[in-house]
Each structure stands twice: as C-alpha cells, then as structure tokens.
Amino acid sequence: MYYREAGDFKTSYRADQQNFPIRFDRIHFWVMMVLAFGVVPFFINDYWANAVFVPFLIFAIATLGLNLLTGYCGQVSLGSAGFMAVGAYACYKLMTSFPDLNFFVVVLLSGGITAMVGTAFGLPSLRIKGFYLAVATLAAQFFLVWLFNKVPWFYNNSASGQISVPRREMLGIPITGPETAASTKYLICLIIVFVLGFVARNLTRGRIGRSWMAIRDMDFAAEIIGVDPLRAKLSAFAISSFYIGIAGALFFSVYLGAVEVGEAFGINNSFLILFMVIIGGLGSIYGSFAGAAFLILMPVLLKNVLVSGLGWPSDLAAHLEFMIMGALIIIFLIVEPHGLARLWAVTKQKLRLWPFPY
Amino acid sequence: MSPDFLYAIEVLLNGLMAGVMYSLVALGFVLIFKASGVFNYAQGVMALFAALTLVGIMNGQVPFSHLINAVFGTHLHDFGWQVPALAAIALTAVVMVFFAILVEKLILKYLIGQEPIILFMATIGLAYFMEGFGDLMWGADIKALDVGLPKGGSLWIEENTVWLAAEGERFFGFFIDKLDISATIVAIILVVALTLFSQYTATGRALRAVADDHQAAMSVGISLRAIWVITWSIAGFVALVAGIMWGSKSGVQFSLAFIVLKALPVLMLGGFTSIPGAIVGGLIIGMGEKLFEFFIGPLIGGATENWFAYVLALIFLVFRPQGLFGERIIERV
Amino acid sequence: MSSYVTPDGRTIGDVLLEVKNITLRFGGVEAIKDISFDVREGEIRAIIGPNGAGKSSMLNVINGFYHPQEGEIWFHGKKRRAMKPSQIARQGIARTFQNIALFKGMNTLDNIMTGCFTHMHTSLIEQAIWWGRAEREEYRYREKVEHIIDFLEIQAIRKTPVGALPYGLQKRVELARALAAEPKLLLLDEPMAGMNVEEKEDMCRFVLDVNAEFGTTIVLIEHDMGVVMDISDRVVVLDYGRKIGDGVPDEVRSNQEVIDAYLGVPHD
Amino acid sequence: MTATSPVQAVTDFGDLVSLPKLLARNVRSYGNKIAYREKEYGIWQEWTWAQAAKVIEELASGLMALGVQPGDHVAVVGRNRPALYWSLLAAGHIGAIPVPLYQDAVAEEMEYVLEHCGAKVVIAEDQEQVDKVVEVSERIHHLESVVYYDPRGLRGYDGERFLSFDELRRRGRGALADNTPKMQTIVDQSNFDDVCVMLYTSGTTGKPKGVVLSNRNIITTSANSAIFDHLTHKESTLAYLPMAWVGDFIFSVGQAMWCGFEINCPESAATMQTDMREIGPSYFFAPPRFFETLLTSVMIRMEDAGRLKRGMFHAFMKHARKVGPALLDGKPVSGWNRFVYKLGDILVYGPLKDALGLSRVRVGYTAGEAIGPEIFAFYRSLGINLKQLYGQTEASVFITQQPDGEVSDETVGVVSPGVELKIDERGEVFYRSPGAFEEYYKNADSTRDTKDPEGWVATGDAGFIDEKTGHLRILDRAKDVGKLSNGALFAPKYVENKLKFYPNILEAVVIGAERDMCTVMINIDLYALGNWAERNNIAYASYQELAGHERVYAMIKKHVEEVNESLAGDDMLSGCQIHRFLVLHKELDADDGELTRTRKVRRRVIEEKFHDLVTALYDGSKQVSTETEVTYEDGRKGSIKATLKIEDTKTLATQSAGAKGAAA
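Protein chains in written order, with the working numbering: chain A, 11 to 368; chain B, 3 to 335; chain C, 10 to 277; chain D, 210 to 873.
Please keep in mind that the hints were generated in silico from the structure rather than gathered at the bench. Every value quoted in this text rests on a predicted model; they were computed, and no experiment measured them. Glycine is no exception: its CB is placed at the ideal position from the N, C-alpha and C atoms. Don't take every hint at face value.
Claimed, not checked - In silico contact screen, one side only, chain A against chain B (beta carbon under 10 Å); selected entries: (1) Leu136; (2) Ile201; (3) Phe204; (4) Phe281.
If we strip away everything but chain A, and leave its shape as in the complex, we get:
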C-alpha cells in the first residue's frame, strides 16, 4: 500500500536492472545504510556489539557465502564451519607471520586461502550430487577441525592449543585485541559486509550467477547452452569459501579474540549457517541477512526472556532454545519453504498490488 509506482518508468537497461528498481525500495535501502553507518556506531555498546551486531554481521557473511553455493548453485554443503576455521587459522598465521600486513589485506588473504581449500573440497561435486555431496562435505568439516587440532604449526605450538589474536592498530585506533572498542568492531564488520553484499549481488545478477542458477535448476540444459559444470561448480565453491573464510577470520580476530577450534568451529555452527540460509531463503541476498539476523536475535531474545526475565536456570533455557529453534525451522519449512525472503517478496508483492488481491 506504500508503493506508488505510476510514473516510475525506465529508459535504460541500467535503470531497469539496478538493485532496487522501485523508487520506494531505493529510498528505504539508503535510509537503512545511513542509519547503519551514521547512527548506530554512536550508540553501540559492548553488549549490543558482542551479543547482536558483530555476530550478526559475521554470520551474514558466512550465510551469504553458503547461499551462493547452496542457494544459487544448488550444491549443499555441511562443512561451513570447517571453512570458517580455515579462514580463522589463515588469519592467525598471517597476522603472526607478517605483523606489518594491513589487517584488511590479511582478512582478504584469509578468504583467498579458504577459497583454495574450498575449491579442493569442491572437486568431488563433479561426480557426487545431492545428499551424497552434502554428506561428503562433512569430510571437510571433520578433517579440517582435526587438522587444526592436531598440527601444532597451525597454533604456533601454543600450550593451550588455542589461538589468540594479536593486537593491531590502524590510524592509532586498536582494531583487534581486547582493547578494541565496540563501535570499531562493528564498523570493521559493517564495511566488509557492505562490500561483500554488493559483490554477491553483482555476481548473482550477471553471467556467472546465471550459470550457477542454470546448473542448480537443470544441469544438462545448462550444459547445452555452454556452461561447463566443472567451472561453474568450482567457481561457486571458491567464491562461497572466500566469503566463509572471511567470516571465519573476522569471527576469530574481531569477535572472539581467542579460539579453540573444536568449540568455535564445530559442526553445530555448520548447521547454524545452513539454517540461516534456509530460514532466510535459498537464492536470496536479502534472505541471507534476514536469516542471520533471525537466528542471532532469537536466542538473545529467548535468553533475555527466560533467564533474565523469568529467572530460569540457563541449561533449561538452552534446552528450550533447542526446541524452539527446531520447531521454528519445521514451521518455517511448512509455512514457507523458501524462507523469510519469499515471505518478504510476497508481502511486497501484496503491498504493490494493494488493494487488489492479485
């Protein structure tokens, strides 16, 4: 009902194919960006940064990454947390080996290294399809976690087996390490999310994105229009791992600061990211953000209500959280298998057609 589209016509393909072709959406988006960049940093505190914003942003990157692979290219992966671990350890090794390297370059390189590892693990996708592939990606999950646990080189032989992030500064402001301000953490993640979101959108609306979707929707038809399944799938694995690697690097260096691989990058996180993709919506950039936000916010909310509000023991709350999470996923899949993104799309369509039903 808020949509007013009469007179919003397009005279060029650039205008027709822009990210938000409807004027109202465009305004809406930029208002959000102004809020995110210009307002939130001034009000954010440690609690909000650590409980909500930073994990949301980091998981949004990972979800974007997995969505590119699963939602756009149709290759299910259950090894996301393993790839996050690659990003985290690459970040750690780079930071400790090259202390003068710019942090953003480190993050980028971590993504690159993860992309290579991801591509290697993506190789079987050429032969294996569907569930077989999904299960096969678990090999990456278990093998990588085991590797980082067992090879001391990765954690620089530290006694605890943990890795902790060294302190780094940029323009005199601490950006990693315990002294980092909440707003700094938030802004680092926000900038990277913004850039990666933009890139994801660009990749999915162009030739490469279409080749992924073609493979996803009907692989033999994709082949006859010249899409090489090898290149399409491997590029999806590479890009997806790049995103997830960056998420892992940030998860370690900005969010947690110190990491023990089995805990931080266990299979539950793989599932969590997959849930974010599914609840957000397969094959949707917007959905990746919505899914991440939903699954980050929900436990925080539940904890606040049950533990702080009703005073229940936290283990009970955790069990209830499991139940609610599981139930929500099932309900979501029944009500809208295509996630929040579809829900939003339907709502938007309804508003555009308002007051008509169709």
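Got chain A; can you put chains B, C and D on it based on the hints?
The following block gives chains B, C and D in isolation, referenced to the frame of chain A:
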C-alpha cells in the same frame, strides 16, 4: 603368529563390532529413505531420545521435573519406583510409535511433494527439537543404562585365544566386549526379522511397493501416510535398539545424537536405499577406521576416527557415485 | 553441390553438418544403426519417425550427450573429436528439449540471458565490481535478448517466473533461449509436441521466421508428419534406429517403406 | 440560440500556422525535452523534439525522393508508434496530406479508402498491414510505393515498390542536401489554409467520408482546448487509441505539437495496462467503455479479496462517493469528512489509482457516448478529474467540454473556446468554429448537406442547453427525437439510457412518439436479477416467471419512478416521464430481429411485433395476454404464451410552466 598381527586382528574384530553399531543406525536411515524419500537426520537423536526415555521410565523419573521445578519452585525428581527393563523397553517402543504418528501428522503431511533438501532440513529441525525436548523431559545429565546385557571383556574368548601367539610373546588373547557381541547378535536378529517382515507380511510388501514407486503404490490403494507411520515406527524401534546398545556401552548422553554422524559415511558407502549396503558399509567403515587408527593414527597425531570414515567414503564415491549397492543413476535427457 | 536459392528466396548453402555411419548402443540395444545424413547451411531439415525410432538419440549424439560407438560427425567440414556438450555449444549448436528444460528458478528474461553465456566474456573480478566492461556487456546482451523477445512476441511475460507460464509459452521461451546463443545449427526436439492447433501454427511460423530472418540452419524432430512436410526442405525418416528414407518431402511421402512404417506403427 | 465559451479563445498564432512551423518552434523551445517515448525492447526508448525533427526531415526528404508532391496523399497504417507519427508529420513537411488508416480495417475497407484518397505512398507498420495493401494493390494503380517499418517477414517483398522505413530514411538522408531548400520553401509557405490531415469517418452509415481538416482547424482547436485545461509542455499522455481517429490526431499530434508535451506509446496491446501504470499519464482520454471495463475488473478483483480488505474497500468507497466529487470540485467539506477521505486516500484511493496508472491524471476526458453515472462517479470520487466532452471528426473534436468544477454525468459541458453553438427548432445542435472542417473529400453534396454557407455545421444530434448551468445536453440522434402529441420533446434513447444504467435493466424500449404519454417495455437483466433472486431465496423456473415476479415488478417500478423524478427536474424532458410500463416475457434478441447485431434496439420492428402489448399500454388494461414467436438457437421456431401485467407509475408535475414552449 606374531603378536602385532594378532593385535591387528583384534583391532579388526573390534572394528567389526563397532561397524555393527554403525550399521544399526544406518539401517534406520535406509528404511525411512526408501519408504518416504526423507533423509532423516534425526535418526541419531531418535536413538538418544529412545535411550533417554528408556532410562527415564526404568528409573521412574518424573517427566519435565526440571521445568516444573523451575516454574513452580517444587523439588520433584522421581516417583520412587523402578520399572523392569523389558516392560520399560515395551513402553518406550509405544512412545516411539506415538512419536512416529506425531511426525506424520505434524510434519510430513504438510511437506509432501517438497524438494528433498527441504525435507532434510525439516529433519534437522526435528533433531534439534527432539534433543531439546528429550533433555527438557529427562534432564541433560549423563545416565547409566543397564538393561541387563552382559558387560566387560569376554574372558572366555580371551582365554581361548591366548594359544594363537607363540609362547613367551606378550599376547593375552583377544579382548572383545560382551556388549559388542550381544549387539552383533541383536543386529543380526533385527536384520533377519526385518527381512522376514518385508518378505512375508502384507504390510512388508506394501512397504516395498512404496519404496519402488510412490505413484504406482498409491494407485493400487496403498495409503502412503499409513506406510510412513509404519516406517517411522520401525525406524523408531531400530533407534531404540541402537540407543540401548550405545547407551549401555557409553552411557546415555548428548553425544549419543552424534552417532548419526557415524552413520552418514556408512550410507554414502552403502547407498541410501540398500539394507545390505548399510550393513556391509557399516562393517567396512568400522574395520577401516580402527585399522587406520591402529596403523596410521600414531604417525599423524591420532583421533583419526573423527574423519577417516568420511574421507574414505568421499574417495570411494568419486569413483562410484552411487555407492556400493546403490542403483546406477541413469540420466535421461 | 554449391548453394542454391529456394523459391521463397532463402539461400541454401554447403553442407554444414554431416553424420557418417553413426551407431549408438545402450548395453546390448542398438538405438541407432549405421545412420548417415547431411544438413546443409540454411535449410530446415526434419527427422521424423515413430516413437522409439531413435530421433532423440540422434539429437543427443549431435549435441554431445551421447557418444556413439561407431561413426563420425563432421561439422563445418572438419571431423569432430569427442567433446562435452558445453564445448559443442561453443561451436554454435543450440537445442531445445522435448520435455521443456527451462530454469525454473529464473524469470523469462534471465532464462533467455543464459543463452548468451558463451558470448559473454568478462571476468569474475569485473563482474564482482560491476563496473565498466561487465556492466556494458550485460546491457549489450540484454538488448540482443530483447530483440529476440520482440521477435517471439513474449514481451508481456518478460519478468514472469517461467514456472508460472503456460506450456506453449514455455516452449517459446525455450526457443528464445536457444536463439540467444546465436547458433549456426539449431536442434529442435519436437517443438510442437503437446500443443493445440493454434499454438502449433504460431510455432511453425516462428520456426520459419527464425530460418528466414537469421539464416539459422534447423534440424527438427517431429512426430507429426503433416507439420514437417509443410515446413521442412528435406526429411530423414528413421524407424527402429534405421534410416528408411531421406529426401524432399514429396519423395519421402511417396516412399513405400515410409508409408509402411507409419501405417504399421500407430502414432498419435 | 447561441452560446459562447467562458474561456477566451486564442487569437494570436503569430508564426505558428502549420505543423512544420510548430515543429520548428518545438525544436527551438523544447529541443532537448522528451517528445516521444515508446516501450520497446523492455525499456522506454526516448526521442527529444530535436531528434524527432531530424528523423522527420529525413523521412520528408525520402518521401520527396519517392516522388511525393505537395497535395499528394500519404497513407499511414499501424498501431501507435512514434515512427508512424513522424510519418504523418513528414508528409505534412513536404506539403503532402497524411491519411491515417484504421489498422484493423479489412482489405476491402482499405481498398476503398486508398482508392478514394488516391494515396501515392503507404507507410505500413508491419507484414500484416503490408499484406493487406498487397492484396488490393492490383486494383489501385496510383499507389507507387509501400514503406514498411518492421521488416520482419518482408524479406521476400523486394522490388521497386517495397522499401523499409530505414531505407526511406537512408534515401532521405542521401537526398537531404538537394531537398532541404525545397522543403524549407514549402515549410515557409505553409499556412493556416493548407490541408493538415484527412481523416475518414468510421462510416457506420454508408461509405466512409474523408474529412479534410486544415492547419487552421487543427491548430486553433488544439490551442483553444489546451488553454481551456491549462495544458503545458509538462503533460504526459499515452497514445493507444486508433491513429485514424480524430481524437488521437488532436491529442497526440495537434495538442502535443502545440504544447510540446510527451507522447508515450505502449509496447503492445497485451502490455497496455502495465505500460500505462509505468508511465502514469497526466492527461488521459478514453471512451466510456474503457472506464467501464476497468471498473468491472476492479470490482471483480476486489470480490476475490479477503473479507477485511473487501469491507475496508467498500466502506471507504462509500465515503468517497459521498465526499470525493465535492472535494474535487472544491466545495466545502467538513473537517472530519476530509480526514476520513485522507485516510481512505492512504489505504484505498491512492494505491488503487496508482495500480490503475491513473494517479497522476490531472485532466481526463471521456466522450463518444453516454457514460453511466455510477461509473463516472466512481472515478470522480477517487479524485480523478474525469470530465466529458462532446465533439466529432468534423469539428476537429471539440464542440463542448466540461470546465473543472462544473462536471456532471448528464451534460457535456460548455462550448469550447472559439466555438459557437445554436440549436434549431427541431432541437438539432449546430456549431460554427475555427475547427469546423473544410470539406468532405470528393463529396461536395455531403459537404453542402452538413455545412451551410455561413459555416454552421449540423451535428445530427438533438440536444438543448440546460438553462440553470448553461451546459449542453445531448439527447439522441436528431432523427430519432420526436414529439409527443402535446408537442413536448420526445427523446426515447435518452430515457432508455437512464433506465439502462440500472444493472437490473438490460434493455428498455420507450414508446410515445405522437402519443399523449410515454410508456416503456423493459427487459430484465437475467444475470443481475438471477443473482439477486438467489441471494433472496426467490425460486423461479423460467425467465418468464422471474420477469413476471411481483418483487421484480416492484423493483423495476422503483427504478422507473426514480427516472421520472430526475426527468421531472428537467424542463425540456419532463414530458418524457413514463406513465406505464411492463416487463417483457422474453429477452430481445438479434436472432428474432429485435436488435441489430451490435445490440441496438430496432424500435419499429418491436413496435410492430408487440403491437398487442403497445395497445394494452395505452388502453388502460391491467394485464395482457400475448403469444410471441421465437427462434431457438438451433434455428427452429416456436412460440411462447404469456400474460403480462401492466403497471402505472407515479409521474411528477412539470416544475417550470414554460417548459412546453422551450423547444419551440
């Protein structure tokens, strides 16, 4: 024979026993996948839930006591009675049937015709729910499960195998857990029973018909939904058996849910639709991972059991994408 | 033979595709037995035959889904080595499928845009930043695709998800996607199957127009003799994997073996 | 009786006395402003006035190269596309006369027109049109060239006679150096008296007539009507009505050139609604049927909406009907009502208008036939400034139009600027204006019959000036208007239309010519009443039974009396009040010859066929038995018997004593 070789054989035998356990879980998977095309991630949690319920019933625990205590400030714990193992198993089986009905009524019914990945996700959701539900109902502490199965190494085997090694060698006979032996026996009985059921009962034939072709089965009047309840119930029994075995061995606890992760490579190896595949795959993986850990593990830091099965299955699949016994995938254009 | 001009003003050129002694077996079954024929540049060549005659298998051989055990394929005067379908697509062979094979998750426009895949070249990095070349390339091909949309008169469904389209339109979108590849050789697998009379007429017109306007060489499989005879220049007739006739429609129509095959095998 | 417009007509045209000169002015004043837009290849392609002028010059030069001389005719046929508008203008550029044709005309119709005007060149849109021309070209010897815009399927059409639009432009460009001076001379010499365009009337009676309109006709009319509605170069309009229709020529060529506003052409007929929404025109014309169909689709779609939404829609629409028109006309409305209307605007009216593409309409017109009051009120109440006008081809459209704030569904407004009006003693409307046509081409007799030496043109319509408002009211075709025996005006179609606006009434036949009072025979609408009967649990076995049902009679009686009431308030027409009525036992049917194939009532046939009923209506009987012959769908004939009730209705006394004399 040299003791090293004998130790290897012992490892192999133990692997074989462990493989039987994997097979048990994989079996539940295959049953459901064949009948409803659902890749049931919750199979492991079903085993946990079954074991939790069994322990709870045997110990006369008050369901949801923690929750009730938290909400009403009471101090409930148990009813103060004990239920005999067999009766408790029967009761648990009833619970599992009830569970199967609920799954069909509340979930599957609404998801007919959805893509497989969606159904798969739903079972992950189900797994989360059941895990939380089971813990909430019975508490999350580690519980011992004793349904009267013999435990500990079998002395008889130990004593009767000492002679295999030459005099003076440091070999004390094969160490094989009695529990593993009973598990193997139970597994064999279960497989035979399932085979007989599917071959010689009307329900079993209907199950097979559905597995072959949903449409055709429906067109001859087989109720798909009834079939689903039955398969989920059977899968529930299988989960109960697996839960009893694993629970007796290492206690009933959260990690029981992760036996599903052991079953997955078994499935990859054996194929999602093959019962013999599940058994053979389980045995191969059980033996393989124990042998690998025995021979290669010490060289690379150990704890290879976490991933060996997957890597093995992965390598295997690259050469034979449909698994050991899976049907060849023919792509029609 | 050199090129000649048809009565309706189209130029038929030299041999574009030659299939020589192709035999294709599945296990012990011979789907295609020692078949040879050629396709000349600019013509509409039909392959007809009853069900199970090996027509679709023949197309699958030409575009590389199946690799025949015996025989050769010559394209543009060169013998073709064994290739993947995607490589063959790059050589300029496009096709449609009997059972529509559209990308259900995309709208009409994107489906057709995928057809331009082999012509688009910007790198991943350029696409990622969507600046300059990548953007220009996208819009250039969008314009080309829009001409095809105009040509096939599907403007009104440009942004409709293809899954929501009626059958006849889906077929048209699939044809559009094949055209977007600017193929030298277009393979159409029963383009009129399952259509009503009006849709069939439309499709015939589009096939003829594609041939006339773009000069695209077309190999077309059809079940229904009548349609084929009207629109094709030459016809190959298959029956049980053998070739039983080859020539202009009138020749084929009067071929006794063809008549027997059609009378003997009831077709719908 | 004459009347003048409240708006001062434009008198000073300066240099702007022909379309080529207007084009030059637009290039000077609005050179970089968008003049034409067409949705093609998925986006709106745009041309500025300067770009359009360049193409027009090339085309003109090309036509000249084809041998088109000043005074020759150039036919243009196809759907609304900028290229075809430019073709019209290009012809004018070299002094030739453009003749736009109806694109849906069949070959024979096209043959007649092409033959009649002697076109030398046809510019056709596509293969479909070219094929029609080819079909008849054997018999049209003066036709020299056929230009096609869309080359698709026309590869085989080679040879001297056929060339593509691009080829024409190319040739024109090549000859530009030679032709420019010649064209410049023609443009310089062009003036008000030159023929601007020739338009063929649709020809419902007899062969089409070519109406010759001069630059004076088109430009003064465009200028005057633009001033009337304050049209500026900022307007944007959708060109979708047939190019051969005078309205399209005035709106999309005359006014667009005069004001310099934008013309938008839709992509195809199938996408017209979407394209309209995208553009959101500010100036919009559509025939009543368009609005009617649109309203029906709105209602049908709303019926499928959820209860809550539907309820909200109806509630707010009810409020809108109450206060919407008043707000639009700037009449006082209470604050609360304003607030509710504002709320409705956010929830219903705004989105609704937007969805229909009407949210930016500043001036909207409908004309051609009577628009239902319900339909008219619906759009007005939404806040769309929809108005009526009265016009015809011979007048270059505008004779009368409704000023803002003085809108009514019954009148067609005040005279347009520069137009004089008179109504003769028979009630026929005459006008004289700068827009009045020059002549019918090659048809001096018809010209004489229609236009007298003083310049008064007969419209063929009967009407009168409403004394209270000074607005013209059209009753009927003049030949159908008669007198009652007491001398009062008898306008059956006017009354019938009023009756037919009730959904329950499908057809009505008013009788009364040369009789002492009016009566009516009514056909119920089975669809509407069937629905009603179902909702009210009224059982009926046949059409006849439903038609004769007491409650149906009661309803119809109420409708008739309402019509009487509205007629009584009308000095001229109070004599047409219905005194008695009956509901017919069968539906009037074209198969039985009672209607024409276009569903117009054949008055004479009906009065003859049902003479027993007519007699009964006038002899005071309460009921009448009759037997009627019918033709079944399979062609068999049969007869139905029925006894019909005849009801008297209340009539009101004439309010003004001088009414009877008014017509005299």
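Going down the list of hints, with the structure as the test:
This hint holds: Leu136 of chain A has a C-beta 9 Å from the nearest C-beta of chain B, less than the 10 Å allowed. At its closest, the beta carbon of Ile201 of chain A sits 32 Å from a beta carbon of chain B; the interface hint therefore is violated under the 10 Å criterion. With a least beta-carbon distance of about 29 Å to chain B, the hint placing Phe204 of chain A at the interface is violated under the 10 Å criterion. The closest approach between the C-beta of Phe281 of chain A and any C-beta of chain B is roughly 6 Å, which is under the 10 Å cut-off, so the hint is satisfied.
In terms of the numbered hints stated before, the structure departs from hints 2 and 3, listed from lowest to highest.
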